[in-house]
Amino acid sequence: MKGLLIKDCRIIMGQKKLLILYFFVSIMLGFTMDSSFIVSYFPMIAMMLVISTIAYDNHENGVGFLMTMPVSQGDYAVAKYIFSVIGLFSAWVVAIFVQFISLFIQKTPFVVSDIVLEDFMILPVFFIITSIMIPVEFKFSSEKSKIVLFVICGIIILIMLAGKSVLEFVQTNFGVDFEAMAAKADTLSPITVIAVLYAFCVVIISISMVISIRIMKKKEF
Amino acid sequence: MISLKNIQKNYKDFKLDVSMEIPDGRVTGIIGKNGAGKTTTLKAILGLIRVDGGDIEVLGKNPKDFTGEDKKDIGVAFSEAGFTMVLTVNDVIHILRGFYKNFDEKGFREKCKSQSLPLDKQIKDFSSGMKAKLRVLTAMSHKASLLILDEPTAGLDVIARNDVLQMIRDYLGEDPERSVIISSHISSDLEGLCDDIYMIDNGKVILHEDTDVLLGKYGLIKVGEDDYQTLDKKYILASKKDSYSYTCLTSEKQFYAENYPKAVIENAHIDDIIVLMVGGNK
Chain X
1 MKGLLIKDCR IIMGQKKLLI LYFFVSIMLG FTMDSSFIVS YFPMIAMMLV ISTIAYDNHE
61 NGVGFLMTMP VSQGDYAVAK YIFSVIGLFS AWVVAIFVQF ISLFIQKTPF VVSDIVLEDF
121 MILPVFFIIT SIMIPVEFKF SSEKSKIVLF VICGIIILIM LAGKSVLEFV QTNFGVDFEA
181 MAAKADTLSP ITVIAVLYAF CVVIISISMV ISIRIMKKKE F
Chain A
1001 MISLKNIQKN YKDFKLDVSM EIPDGRVTGI IGKNGAGKTT TLKAILGLIR VDGGDIEVLG
1061 KNPKDFTGED KKDIGVAFSE AGFTMVLTVN DVIHILRGFY KNFDEKGFRE KCKSQSLPLD
1121 KQIKDFSSGM KAKLRVLTAM SHKASLLILD EPTAGLDVIA RNDVLQMIRD YLGEDPERSV
1181 IISSHISSDL EGLCDDIYMI DNGKVILHED TDVLLGKYGL IKVGEDDYQT LDKKYILASK
1241 KDSYSYTCLT SEKQFYAENY PKAVIENAHI DDIIVLMVGG NK
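Protein sequences appear in the order of chains X and A.
Mapping of the first sequence onto the working numbering: position 6 corresponds to residue 6, and the numbering continues sequentially without gaps.
Remember, the working numbering sits 1000 above the position in the second sequence when you count from 1.
Certain hints may be false.
[Said to hold, decoys possible] BS3-like, lysine-lysine: derived pairs with alpha carbons at most 30 Å apart:
1) A:1005 / A:1131
2) X:219 / A:1217
3) X:219 / A:1282
4) A:1072 / X:218
5) A:1012 / X:139
[To be verified] Sample of chain A residues at the chain X side, in silico, Cβ under 8 Å:
6) 1078
7) 1080
8) 1086
[Unchecked claim] Ranges of calculated distance between the beta carbons of each label pair, as one might list FRET restraints:
9) A:1159 / X:206: 45 to 55 Å
10) X:86 / A:1188: 46 to 56 Å
11) A:1162 / X:206: 21 to 31 Å
12) A:1013 / X:132: 31 to 41 Å
13) X:191 / A:1067: 26 to 36 Å
14) X:181 / A:1013: 42 to 52 Å
15) X:158 / A:1204: 45 to 55 Å
16) A:1104 / X:191: 47 to 57 Å
Hints are computed from structural coordinates only; laboratory data are not their basis.
All C-beta atoms in this analysis are idealised placements derived from N, C-alpha and C, irrespective of residue type, glycine included.
Whenever a hint applies, use it, and build me the whole structure from the sequences.
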């Protein structure tokens, strides 16, 4: 498994020109735009780089070759999740660091706890998106996976739209007061909300990982 | 010991059905034309495909039950698969160090240097020969007792081919207990390297013989049409009609040399054997 993680690191380090470009764009954006932007931008780039390692592995049956090394198909899937979590978390930490430098330089008044709480809300979003993308990339080829992800985005939007209608229908016909429930949720402490969000993330990542392991175990090379 | 008993794998337009016994400490060649089933056989040995029938045992286990630990004793080089091309040899060194406790880094670096493989250049910028050498050196980097090499010399010029073959000979020279399974469609590569050869065509083993026997006892008999009719066919494996004569493959050329002194008998090379076994009448 260690070899797989080193490989992914080396693949990303091998894209030096791209990394330098991302870095300068990030710094520029970090100091010119709203400082919170960088906290979303860095993990997004990290997510793209992590996912790109799957495409690199797939090129010319590279995964088949990796499976001749001392790792199992399940190890390969798990290593991608470990790498994603480490990559996203590291990018997020660096982003927060850049964010605070930017705030100091711009001399913007801020409350540290508010900014940190806001930043904590961002990371789970990328964990969830990555958890959707990894099994899709495992299952489909690089080209097909783009179409599948596009379809998944459409389905999520449809569910959200339909969900709103369903909630309105239930509220009107069954007297369930969702607004009151939302107001009650507002009274929860931000730390409780973050804890629930991260617990939800762990569940999503775990489900996604089980699906990915199954996909990999069914694969032939 | 590697044992394949009636291994079957069915694809839409191809069916593999092979049996093999490969003892330890041997160099076994698998030869056949492109698409004959060589790579599929090797993939079955490595557990990279699920077989539809038969039994496989590799290093005392069914490959489908291989753990990461079991694979530490196997080194593999595929002709068209390897580390992603954006990596450099330096990257490969770091990765192999992560995979194998007994990775021979010093030896690997020395061999890369002696084969003029640059450490900092991306693999995609390597020539075909350099890529092939890196694949074979990678397979040999952790002192595996079993090497599985799929077409390691395919598409290489004669110099690069000799270099790769010499690397394999050197590896075997370091420890006589090591086993190698090597597939190729270039017969001359196997003639000077293998103890025995499996000939595969259309997913089936059509011939298995020790290389010494193939080169020593097999022969080509060239006879006219009349002589062909009277020829004792007891040791004729296959024959092919040419314009005015017949070419016959025999596994006992001495028998025909003694009993048919007028017949033209030549030594058979593996290419000749393949051509007759695949394209001749049996």
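Legend entry - Structure-inconsistent hints, enumerated in ascending order: 1, 2, 3, 11, 13 and 14
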